[in-house]
Amino acid sequence: MLSYSFCMIAAAVALLMPCHAQNCAGAPELPSIPGVSGLPGLGGLNRYFGGLFQPYRKEKLPERQWLQRQQDLSTSFDDELRNVLLNLRQRLFQLEGVLALNGKITKVGEKIFASNGKEVNFSSALESCEETGGTLATPMNEEENKAIMGIVKQYNRYAYLGIKESDTAGQFKYMNGQPLNYTNWQQYEPNGKGTEKCVEMYTDGNWKDRKCNLYRLTICEY
Amino acid sequence: MLSYSFCMIAAAVALLMPCHAQNCAGAPELPSIPGVSGLPGLGGLNRYFGGLFQPYRKEKLPERQWLQRQQDLSTSFDDELRNVLLNLRQRLFQLEGVLALNGKITKVGEKIFASNGKEVNFSSALESCEETGGTLATPMNEEENKAIMGIVKQYNRYAYLGIKESDTAGQFKYMNGQPLNYTNWQQYEPNGKGTEKCVEMYTDGNWKDRKCNLYRLTICEY
Amino acid sequence: MLSYSFCMIAAAVALLMPCHAQNCAGAPELPSIPGVSGLPGLGGLNRYFGGLFQPYRKEKLPERQWLQRQQDLSTSFDDELRNVLLNLRQRLFQLEGVLALNGKITKVGEKIFASNGKEVNFSSALESCEETGGTLATPMNEEENKAIMGIVKQYNRYAYLGIKESDTAGQFKYMNGQPLNYTNWQQYEPNGKGTEKCVEMYTDGNWKDRKCNLYRLTICEY
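Chains as they are written, first to last, in the working numbering: chain A, 1 to 222; chain B, 1 to 222; chain C, 1 to 222.
Derived by calculation from the structure, the hints in this document are not laboratory data. Check each hint, because a few of them may be wrong.
Identical chains share a label here; the pair holds if one copy fits it or two copies do between them.
Claimed, not checked - Derived BS3-like pairs (lysine-lysine); straight-line CA-CA distance at most 25 Å:
| hint | residue 1 | residue 2 |
| --- | --- | --- |
| 1 | Lys208 | Lys197 |
| 2 | Lys208 | Lys153 |
| 3 | Lys193 | Lys118 |
| 4 | Lys153 | Lys193 |
| 5 | Lys118 | Lys153 |
| 6 | Lys146 | Lys118 |
| 7 | Lys193 | Lys164 |
If you're wondering where the values come from, they're calculated on a predicted model, not measured in any experiment.
Let the hints inform the model, and build the full structure from the sequences given.
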């Protein structure tokens, strides 16, 4: 699950900051928009930052995600730009949160995993992912493997991974041809040397080489 | 519901503005990407702003949302930055719109309310919200209370609010320990002094103190 | 469908770039955040751009979308701002991808088409779209017409378009009163001169003028 940490109330306040019509260096072409008083000073902004980025419920978060949330907008941005960027980022967090709440996405670091619930063969699954700007879910470490496993368990359906056997039998590679730098093969797998060129994940997170024409759950990463 | 106001056609035009491959200061290491001609002048941009922020269908919008839409990007941003920011913001409006259309979010000011449709006890509901970066829906004014009521009615299920009784019986507080500054108790509520430490919302928007181990609709705010 | 093209792995790497606690000009107010080394040099960034914007699977994309993806962030942005913007944009692509994967949106150029699956009369459909910041789906060219047809076929339900007969019988206009600059009337249509003031799309993408009080699939554009 994607776990966020920030004080929502402070965030809401921070979101009120970006220039509204009444306190905004407005568009001069639009006389209908009321004029302009200055933006709050930097001191005010930093107050909101305190809220947005305070070590809130740090204990509930994986260290990496906590660090990520701490990620700050450099003080080199001026107030207005910072406010606009914070507003956009906050709204992204909101939408990511809603989709995670509905079990539609699992966020791990910068990756998002998602399924459409459909079971198709390998090439159709890959195509669905690529058509929408992603690729087949490809676990690069244990945390990502667990996230994909979570979706496999959610739908209770095995899923193809973004891994294929190369021309050298028994040697598996990522879709871009690079060699694997993380694996989670089940014991005695892979064992289909040259005849099972795809890889599926079980509900326990283990991998098994399999034929590519089975019907498996589509899980993409973006 | 979140009600937006802007001229979609003008917006689409504005979105075409950000630098495309053929007029873009490209990545020098990539000779495959075509180089670079200048960005369109400010005059063109201001024209699009007129479209984006014109008082379009003002009469259909709550005053606050209308003001929010008027919120402009300072003329202190240069053309290219402004275009990128407008593009990002426009795409956020689009996704928010789609999720609102599907009844997945209700936007009030800067808050977004959402449910996963699941009925669980108070601590599980809170955990679902926090894991996804939010907290339990906490009405801070009548408009927010109505938005949450809309979700309660949509699912026809009562919901826990992000409010708990403090150690002082009969005294209720927000999850962060702050005292309530808006309430909508049903008549003769709260009445469970010390034995009903949670608060639920009815389909009429009224509040009632209740035990925390009931199964109630999960409604989060982000 | 929205078809994206970029190398997700490189993108994920690029997303790691925005300042994290450990390599970030951090928030001075938060002494708990580990200190600060410089951001990676521009050379490094451009490397990621290579990944993000390489002509990856160009052959799979409509020319326009390919150009759009090539859209670069000017080198006039400093490294930090560029990283923040890339991060926001990448997360938007992710959410758009997830919603497209789930059949919830169809992206054509800068427009997004979406349905809530409900069949209502013309004015109710229009209201649902406008309340959420959009308007009724209005095909401006063949590509958009096909995208809307895709949703009509997905739900196997005819849909009203954002087009109405003007006071001059037989003359149809966009909702903003402008004359049509693209049409796809079925043969012998429109034929309801003055009595059928709305337009519906069939599963073959053709248009027919119809009464406005029928129950048709709501398809909005944002």
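Evaluation of the provided hints:
1. Taking the shortest Cα distances, Lys208 and Lys197 sit within 25 Å of each other inside one copy (10 Å), while across copies they are farther apart (50 Å).
2. For the homomeric pair Lys208 and Lys153, the shortest alpha-carbon distance inside one copy (16 Å) is at most 25 Å, but the shortest distance between copies (37 Å) is not.
3. In this assembly of identical chains, Lys193 and Lys118 lie within 25 Å of each other by CA distance neither inside one copy nor across copies; the values are 28 Å within and 45 Å between.
4. For a Cα distance limit of 25 Å, the shortest separation of Lys153 from Lys193 qualifies neither inside one copy, at 28 Å, nor across copies, at 42 Å.
5. In this assembly of identical chains, Lys118 and Lys153 lie within 25 Å of each other by CA distance both inside one copy and across copies; the values are 14 Å within and 18 Å between.
6. Proximity of Lys146 to Lys118 under the C-alpha cut-off of 25 Å is found in both arrangements, the shortest distances being 20 Å within a copy and 23 Å between copies.
7. When the C-alpha separation of Lys193 and Lys164 is checked against a cutoff of 25 Å, the pair qualifies only within one copy, where the shortest distance is 12 Å, while the shortest distance between copies is 60 Å.
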